[in-house]
Each structure stands twice: as C-alpha cells, then as structure tokens.
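**Student:** Read off the chains here:
Protein chains: 2
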Amino acid sequence: MSLDVIDIARISDGGSSIPQIQARVDLFKTWDIPSGSKILEIGCGQGDCTLVMAYLVGEQGHVTGIDPAPLDYGAPITLGQAQDKLKQSAIGDRITFHRSDLEGFLDSSASEPLYDFAVFARSTWYFPSAEALTPILVALRGRTKHLCIAEYATDIQGDIAALPHLLAAISQAEFNSRDNNLDRDDNIQSIITPQKIRELTLEAGWVLKKEDVIRSPEDQEDARWEVGRVLSEGYRVRSRSYGGASRQEYADALISAIEESKRALGPNPKLRTLPTWLGLWA
Amino acid sequence: MSLDVIDIARISDGGSSIPQIQARVDLFKTWDIPSGSKILEIGCGQGDCTLVMAYLVGEQGHVTGIDPAPLDYGAPITLGQAQDKLKQSAIGDRITFHRSDLEGFLDSSASEPLYDFAVFARSTWYFPSAEALTPILVALRGRTKHLCIAEYATDIQGDIAALPHLLAAISQAEFNSRDNNLDRDDNIQSIITPQKIRELTLEAGWVLKKEDVIRSPEDQEDARWEVGRVLSEGYRVRSRSYGGASRQEYADALISAIEESKRALGPNPKLRTLPTWLGLWA
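So the protein sequences, as listed, match chains A and B. Using this note's numbering, the letters of the first sequence correspond one by one to residues 1 to 282. Using this note's numbering, the letters of the second sequence correspond one by one to residues 283 to 564.
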C-alpha cells in the first residue's frame, strides 16, 4: 500500500475503505494528472473520488464536483452529509461541490472559464442511456483541455471470479432498460461500452489520446455489493412487479445464472470487481 | 470414441458430426434408458436426437418424434428432408415422425396408449416461455412412465471458454423476451433454468428421481454456431429493428460483451458449449 493511500484514508476518516481508495488511486495515476490541475468531476456523488483527486492534485490544485442528485439521497449517510464532511477535512479547501447537472452548471455563474480535466469517474453507467451523455460531451468542448472517462468494462479477461459482477451488471441494466421504469437506486442504469464511448466522444469532437484497462484490486468491494443487491429478495420482488411475463422470466433466469456463477466459485467466494476501462481525450 | 458413436455416424450418413453424436450418446446414457423402450420425443426437430435414441433402444425399441414445425423449415436441408432420410436409414423402422404439437398428438388416433419415456432433448429453450411447458407436462401424466428433460444449464462451472455461449444464450433470450416478437429462427427463445423446470414438473405432479449435469465434449459445435449467429451483422440489424432505444442499447452491450469474451480467449479460440442439465422424473 502506498503512502498516498494511507494518507487519504486518514483524511477520509472512515468514509471509504482502503481497497476502495487503492482502486481510485490506481485509476487517477493512470491518467497522470499533474499537480496543480483544475478538475471538473461530473457525477461526483458522495465525493469519494473527489477526495482522492483533490489529494493527488496537491495544494495548488482544485476539484469541482457536480451532481444533480438531491442532497438527502443515499444511505447510511446522505450525499449532503458526506460532502460536508469532506469539505471540513484537511484538504476541504481544494474541493467545491455543486448540486447541478452539467448544463445548468456551465450556464450558471458558478462555472469557471476553463478546466484542465473533466472527469467521469465510473459515473457513466448511472446515466439512463448512452445518448444522455451526448449533450454533456458536446457542452464540455472548449470548457476543458482534457476529458477523462473511467468506467467498468464488460471484458472480464478470463477471470471467472468477476463473472458474478458482470452478470449483476447485465441484470441491473436489464431492469432499467424496461421502458420508463428507471430505479435510481441501482448503481447501474445502463451498460455503456468502451466502443460506444469511443463513438460518442468522436461525434462530439474529442480526440482519443490514450486508453487503458486496469484490473480491480482483489479486495475492492463493488462486486460483493452489486451481487448482494441483485440476489436480495427485494430485488427479485421488484423485478416481478413490472413488465411482461417473458421479460420477468428472462430476468429470473439472469438472477439464477448469477447465483450459479457465485456458487461455482466455492464457499465464501472472493468476488472480483469488473476491470475499469479508461480513456483520455483532448 | 465408442463403437456406438461410429455406428451411429455411419447410419446418420453425414447428418451429424461425430462430436454432436458423442454429445447425444453421453446424454442418453446418463438416463440409462433400457433396450426395448418406447420413447416419445417432444420437439424432435430434424431428428438428430431421435436417431441416437433409436439406435440405443435396439431392435425392440421405438422412438416417436413429434414437432409442430413446418416440414419445409430449416436449412441447408429442411425438417421434412432430414426426417425422410432417417426413415430410410438402416434403423428407420424404429422411428415414427409426426408433425404435431403434443396436445394435438395425444388427442389424435396417432397416439399410442403408453410410453416408457417422454424425452425433451434440449428442446425446452425453444419454447416461448416456461409457462408454455406446463400444459405439456400435465398432459404427459398417465401417458408415459418416465419423463426425461435435458437442457443447457447457465452454470459454466468455472469454464471461461463457455462464457461466449452463455452470453449468446442471454442475448437471444433477450431478443425473444421483447413483447410479441419471437423470431423462430433463434434456437434459444427463452432460458428456462433447472430451478424453473423443477418447479413446473412438481406442480404438474412429477416426482424427480435423478438429476445430473454433464459437460459438453470439447468439439461440440453448438457454442460456435450460436456465437457466430449472434455476432453476425444480420443479427445486430434485427436487434436494432424492434423495441425502444434503451432496449436496443442494452442488446448492443450484450453483443459487445460476447465479442470481448471471445477475444479474451485468444486467436481462433475453442469455444465450449454450455453444460447440459438432465432430470429424470416418474
């Protein structure tokens, strides 16, 4: 574990686990964002990634995190509580939060003229569709020097321990692709592939400079969280509450496949979180 | 390779490949169907499994294959042509084909009073839904001593080479779960899990005597065929021709995941066909 991770864990004060922080440090180091950078983070949520970036850009850097979610969203602590806590941390002065979507933010007086980096840190799968990204990618042209997108990849690269997480992602995206029935409590609203992101960014005028795929640290909890959610009784009940019979039967088969993929790993399996694909554009 | 397989291949005269015949022999030997048995096969299609069973039941046995599909269905040779060819083979007198669904068949004069075994040989996923199986399972009570169901299982048991086939099955079932839009050219209309089959048979009054899961022989071609189909341009075009935008985007993500899962196996990968789950009821 690097000194950075220990330091960030101390500042985070229990807000994130060590493996989660490690995963984020791995992520942002791949982009090689220089000290002193001004970053705009789109879809910052509770600010877990915001904190890591604020640490890595150093004293002269700044991270502006925006998210349209209500401040009372989230459990066990709300978005507002989590953001307030980070603002009060040792590096809180490097962070600004705005409750806004990007278009509202860029139009408002809160908008600064130019950022070095605009970052989506695993926030694109929370968009209702790939198409919803398009106006944002267009609006960012001329407002940031670089665009960075990190998102899970569906390529488990032969790692069978990541199969339950892959199928859990497919299951959540299935539910949220039933017409007009998004459940915003799902972390995964739609699966947007690297291929799709490459297409959309190109159409919006961005030039891809670099891409990488990084494996998730063994202890990263997301796989366990997502799989646990999808195998819960409440999730199954919800799935059976909406849509036609064949839709529901299909969803049941997915849930069953997730159970089997977990069972095939043996008792108390260590689930691997999906790898992350990273792109950097200018 | 057993003598049985060589013998059946000779009788089949190019109708099926050696690995396909091997897979079917493995399947039916698991059920231990005695010589002289009278078998009713539901969803016999071109008769590939019919032939193998007719061979295994010996001279005193008989297999009645029923299928509601039109006789001109199928390519490169049609259902009718394939069935005719088998009827003219060395063991053709052990085989009877009827173009009928089960209910029509049992009501007709063609129905014999009692079978030793009623067999679904990987034909349940071709039903439009699990519920469509129910009347058939009920109708078979009292008409057959035993019920045998063999179907693919979604549990790839840690074999990453079977992941493309699993995802191809999920993709086809996805398309056919879009309301009122079955494409009967897909071999997989719906994924009916062992758990679901256990429930449905129990409700219909059947008692499960035995179940097994068998791996597919390495050379079995189904994985390659199914994956090839799903990655064809025509399949993608069809997927984009129907249903809402989010549905189509979801389907695109599945296709992309299939491509990746295949690529992750290296150049010219050997795709593994899904394992088969077998149940025997009385």
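Worth double-checking, as some hints may not be accurate.
Stated by the list, open to error - Computed footprint of chain B on chain A, listed as stretches where at least three residues anywhere in the stretch have a Cβ under 8 Å from a Cβ of chain B: (1) 14–24; (2) 37–46; (3) 116–130; (4) 134–145; (5) 226–236.
What the hints assert, rightly or not - DEER-style ranges, computed between Cβ atoms: (6) B/R545 to A/P128: 44 to 54 Å; (7) B/A357 to A/D183: 55 to 65 Å; (8) B/P358 to A/K145: 29 to 39 Å; (9) A/N268 to B/W507: 36 to 46 Å; (10) B/K552 to A/P267: 52 to 62 Å.
Derived by calculation from the structure, the hints in this document are not laboratory data. Yeah, the Cβ is synthetic: ideal placement off N, Cα and C, and Gly gets one too.
**Student:** Could you run down the list of hints and mark each one as holding or not?
**Tutor:** Hint check results:
Only residues whose beta carbon comes within less than 8 Å of a beta carbon in chain B count, and the region 14–24 of chain A has 0; fewer than three means the coverage is violated. Given as covered by chain B, the region 37–46 of chain A fails the check, having 0 residues with a CB less than 8 Å from a CB of that chain where 3 are the minimum. By the rule of at least three residues with a Cβ nearer than 8 Å to a Cβ of chain B, the coverage given for the region 116–130 of chain A holds, with 3 such residues. Look at the region 134–145 of chain A against chain B: 0 of its residues bring a Cβ nearer than 8 Å to a Cβ of that chain, fewer than three, so the hint is violated.
Coverage of the region 226–236 of chain A by chain B is violated [criterion: at least 3 residues with CB-CB distance below 8 Å; count 0]. Restraint check, B/R545 to A/P128: a C-beta distance of roughly 28 Å breaks the suggested window 44 to 54 Å. The supplied range of 55 to 65 Å is broken by B/A357 and A/D183, whose beta-carbon atoms lie about 43 Å from each other. Separated by about 58 Å at the C-beta atoms, B/P358 and A/K145 break the suggested range of 29 to 39 Å.
A hinted range of 36 to 46 Å for the beta carbons of A/N268 and B/W507 is consistent with their spacing of about 37 Å. Evaluation of the 52 to 62 Å hint for B/K552 and A/P267 yields a failure: the beta carbon distance comes to about 30 Å.
Hint compliance for this structure: hints 1, 2, 4, 5, 6, 7, 8 and 10 are broken, all remaining hints hold.
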